[in-house]
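Protein chains in written order, with the numbering used here: chain A, 6 to 710; chain B, 6 to 710.
All the pointers check out, no bait thrown in.
The list cannot tell twin chains apart, which means a pair is met if one copy fits it or any two copies do.
Think about it this way: if two alpha-carbon atoms lie no more than 25 Å apart in a straight line, the pair counts; the simulated DSS-like pairs of lysine-lysine are:
no.	residue 1	residue 2
1	Lys138	Lys388
2	Lys389	Lys138
3	Lys410	Lys26
Keep in mind the hints are simulated off the structure, nothing from the lab.
Quick caveat, the model's predicted, so the values are computed rather than measured.
Okay, here's what each chain looks like letter by letter:
There are 2 protein chains.
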Amino acid sequence: MATKRTSRATSATRTTPTRSKHPIPPRARINRIPATEVFPVVEGGLWPAKATEGESFPVRATVFREGHDALNVEAVLIDPDGVEHMRETMYDIAPGLDRYEAWLMPDRPGDWTFRIDTWSDPYATWTHDAAVKIAAGTDVELMLEEGARLMERAATGRVLPSRAKKTPPPQAKGQDILREAAEILRDDTASVQHRLSAGLSTKVRSVFRETPLRDLWSYTRSYPLKVDRKKALFSSWYEIFPRSYGAHRDDEGNWVSGTLRDAAEHLPRIADMGFDVIYLTPIHPIGTTFRKGRNNTLEAGPQDPGSPYGIGSKEGGHDTIHPDLGTFADFDFFISQARELDMEVALDIALQCSPDHPWVKEHPEWFTTRADGTIAYAENPPKKYQDIYPLNFDNDPEGIYRAIKDVLITWIEHGVTLFRVDNPHTKPLAFWQRIIAEINASYPDVIFLAEAFTRPAMMRTLGAIGFQQSYTYFAWRTEKDEILEYFEEVAKETAHLMRPSFWPTTHDILTAQMTTGGPAIFAIRAVLAATGSPTWGIYSGYEFVENVQRPGFEEQIDNEKYEFRPRRWDQVDQYGIAHLLTLLNSARKRHPALQQLHCITVHPTTDDRLLCFSKHVPAQFSPTGEEDTVIVVVNLDPHNEVIGSVDIDLAKLGASVNYGTGGPVLEVVDELDGQEYSWGEHNFVRLNPIERTAHVLAVKPSSRR
Amino acid sequence: MATKRTSRATSATRTTPTRSKHPIPPRARINRIPATEVFPVVEGGLWPAKATEGESFPVRATVFREGHDALNVEAVLIDPDGVEHMRETMYDIAPGLDRYEAWLMPDRPGDWTFRIDTWSDPYATWTHDAAVKIAAGTDVELMLEEGARLMERAATGRVLPSRAKKTPPPQAKGQDILREAAEILRDDTASVQHRLSAGLSTKVRSVFRETPLRDLWSYTRSYPLKVDRKKALFSSWYEIFPRSYGAHRDDEGNWVSGTLRDAAEHLPRIADMGFDVIYLTPIHPIGTTFRKGRNNTLEAGPQDPGSPYGIGSKEGGHDTIHPDLGTFADFDFFISQARELDMEVALDIALQCSPDHPWVKEHPEWFTTRADGTIAYAENPPKKYQDIYPLNFDNDPEGIYRAIKDVLITWIEHGVTLFRVDNPHTKPLAFWQRIIAEINASYPDVIFLAEAFTRPAMMRTLGAIGFQQSYTYFAWRTEKDEILEYFEEVAKETAHLMRPSFWPTTHDILTAQMTTGGPAIFAIRAVLAATGSPTWGIYSGYEFVENVQRPGFEEQIDNEKYEFRPRRWDQVDQYGIAHLLTLLNSARKRHPALQQLHCITVHPTTDDRLLCFSKHVPAQFSPTGEEDTVIVVVNLDPHNEVIGSVDIDLAKLGASVNYGTGGPVLEVVDELDGQEYSWGEHNFVRLNPIERTAHVLAVKPSSRR
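Build out the structure end to end from the sequences listed, making use of the hints.
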């Protein structure tokens, strides 16, 4: 807007020397045809909204004008080079409220922008007025002549008023079409209907659509979009404690740690399940001072390996590998093995130190010193965490910033492309905003996942200032209504601020609902997580339905944080969960609808335990060029069969529907067992914990029907 | 924020020469303790939010920080000279959602700003931690020593970190209090409880409240507020067609127009009813070409005076007075008479021309010329308004702008201080934004009222870009729920964008509900308008319960627009409406609660026809220094008695409540008949169209009870 207004003012000054000074600064001047309340805009445009390469997202604005003449609205997407990438007509989605929407899709990462163009549409005004007035026999010749003049003007591309921004006129062929229409409009030997039709023909409409006559063209300022690579939105994480892989007791009964090389042996199994991110909990040396024992006890025994979150010992800190796990060469090997399997490696970043961390001696100013001269350990009075020294980011922010930047770059240079950031909400947001921006400036592919389980404002804002992915409340949404409400919230209300990651469990989270219901509830939650969000994650051992809580805590007993947890991987198939994870990831990979966040529709069912939603990508925005629709139905009851009906709202579903003689027909195939069904508006469903607890129904493309 | 961040960066650069370049531009950097989602902010701060001298308004922000330390939030109001006028602590109004609120009040018109200050509150952190830890017997001496050090630091005003913005330390007396507390905190001969209490004493708290230690002090950018004079919010309009006053038939039966001097004779009566704005429909010469006759017929008879909205004849245009009404001397007399009665004069501005307007010949380029060379009249196909030529603001925007500015200044120089703008939504918003700003730059007291009855986005935006007052949907809100919802919407959701004006009828609006119900419905709607909004208006003749519609139209038959409507003012008291208007305006003048917009509370009743709400001003923001509360109860049924109960939510009412032995007691007096009642939580009410159809209950100040 600023640019345009300025140039307009300049030209007006030339032609109208007596123009009085405008009392409103240019950027605050309302447009000739205003677009307000633009979405997605974060903090008035100070921070970019989130978007992802290859995913369409909705743009909205409130647009209206004076009087009765027609207006037109376009959403314009501008690429990082400043080139107009896409221009989509916006449509009124809330008649009476003047709310317009279009969907845009960037095709590569970078700093994009979008804006809203508004203009007076003289052709739409004429088609409306001419049709009404000629039908009423009013001003017939006048309307036809005005139509002819409009065709002639459109052929030259001459917009009104003459000082408005211009666009090129139509190609020669389009000009001919318009001039011919003008001739017929003026041909008083022809019938009025024939003459009018010449101005309303498909050909003429098409010329106006291709090269509209944008009278009074104005546009908003450009709003920033940070477009991330596809994996920022669509990824399947698998979390491991590498030391557990290959951990065993030696002949004397002493624990021997697993290593990075042991863990690397499991990568093919994990890749086979379809996971594309392997997430390592911290791999650094672990302190011994106040080391925690099994089940978070205060006294560690000699066999207790300590929590990998108690980072730092005389062997090193955040830029060091625990000697028990191996060397940087082993780490590089792990990375290379993962890459061969098309997996990326995520590393845990827990910015805290054990009392034995080298920084404690080298940089006591990076911690808080108490009145008694000791360094403050973590506490939330009266709780104490004496094995952890939190960093104090305010004493020497520059020094600490450089040190952490160096740590991150160390791992990035060794091939880490994702960081799972532990408790980012206990560090200043200003720190995260700066370091993520600076890392991404040099390494634009690096993705930060915020592990913040805290209040909504902090969660949203961590996303808004830079984190590409965020843990969510998914694990605590257990009832049908709250699950669906949350799915819609993350897809529609907060998607421009944070990209959700759904985890049924983590090493820190085992909710009450997981403790009963056996394999069925693990299956139910996996289906919900894998289909409810394009990014999801599984904590190693999920396959074994590990479901016993430490008494009084919402986490597993014998938490892997404090001990080695070797698992019987030869028996991994016993509950069918590993197979289910494989099927889910396979469906996710083959269905663009499951790879995007925005287009979710909830469908009613006849039972409170029966949940149904669908995801959809229209052909225009599908990487395959074909529309894609997946309908998910889940029986939330892990104990009982539920029989009921699912009512599909076909208008909202998005999919092209075959209207057979017996009503609408959707041919669907269940991605979990290959069963095929014909679905319509009302569908009988029977789901139970034994045979099948969910449907993941892919709608067959209409072209194949 | 920008200022502070810049200065911080500068000082940091000096002390830390190796600081790496910050990748985020200063204004986009998130604060150390962030405040986001600030309200009221219009279009990201591009346009000022509305506020009024002497009215408090709510400011909100989402504020949170990392970790567990305490934060503090203040809303800061800055006057047009850049001086901090008010600083109010904000409180969490939605625990869990981190939403903070404070109320601010400007004391004069002008361009004000506000911002949100956030800081780390070391005293609040210490009081919390010390109380918890000492109670648990943990770190007792350490906590006491840290308290002592905090007292000492507060005495010097030394904030942390040292580069943070500073505030002056406490006065000498405050310093003494803090140092004395430090001594006791360290006195190991005293009991722990005694020592801790020294740090928590009222005196110490008071010093911290007066001169807080604002560690990590940061603040948002300043958001603009346009503060208008009090009448922009609180005014009582009375609309007249001056030509009807004194209009009569002469001896031959020919109509003789009333004059401005005739109308001036009625000013005392109107002032006696308590109205403070006299609004004149257009007083300019009226065209004869295509003049409309009685009841909007196409053919005017020789006796038909024409619509005052068909402006302009050979006698002049918008800057001219209709010769039948008088001269500028007569107009000046009218103004002076009004002023003597403490009334201001509002003039109708209808920016359109009759075909006979001088501009049509002088400036054909200010209109739209059709293909046949004629000037386009107003139409909304197939409807035609051949007596009206709309201005075309796009051909010569500068020329037309200057002409209209001259018109406005002409009337302002003659004493007009308010303009009722006819159909502003049929002219470009850019025009209004500019002309209102430019007029207000020279004449800051001039108030523009937008007569836009159209879709919400246009209505809101006309307010947002400059109109001080707006007509509303009030006349069409007739059911209890929709009335109360609308009252809350204008008070809480859109008050920063538009100031509502409630009119039960106008010369263009007579809704269906007014046509039955006789005087009762006129009374009901007057009570709702006068108490529901600080600005309201009455169209002359309301006193006579003129309630017959022109068939098929939502307006009066024999619309005064097209004919003289002399009224029998000697019989004005026959329905009691004039008396009611007087009582309502009197209550409005005496009760600050009815002069403000924001503080409205809805109370439940036992009947759908029984509506109750209250308005409240706390003592802090009351011009009298005393709190003021008014409870309004209306029986919406103009035909039947309603007996029911009104449940007053005392917590939300705001008023100080006397708790008697039988429960809470509010002594109230009905402003409409002087009856006194003792009200509590549940109140019996009997209202009917004969005795009383509403209560306007003033709560007596607690000091007088």
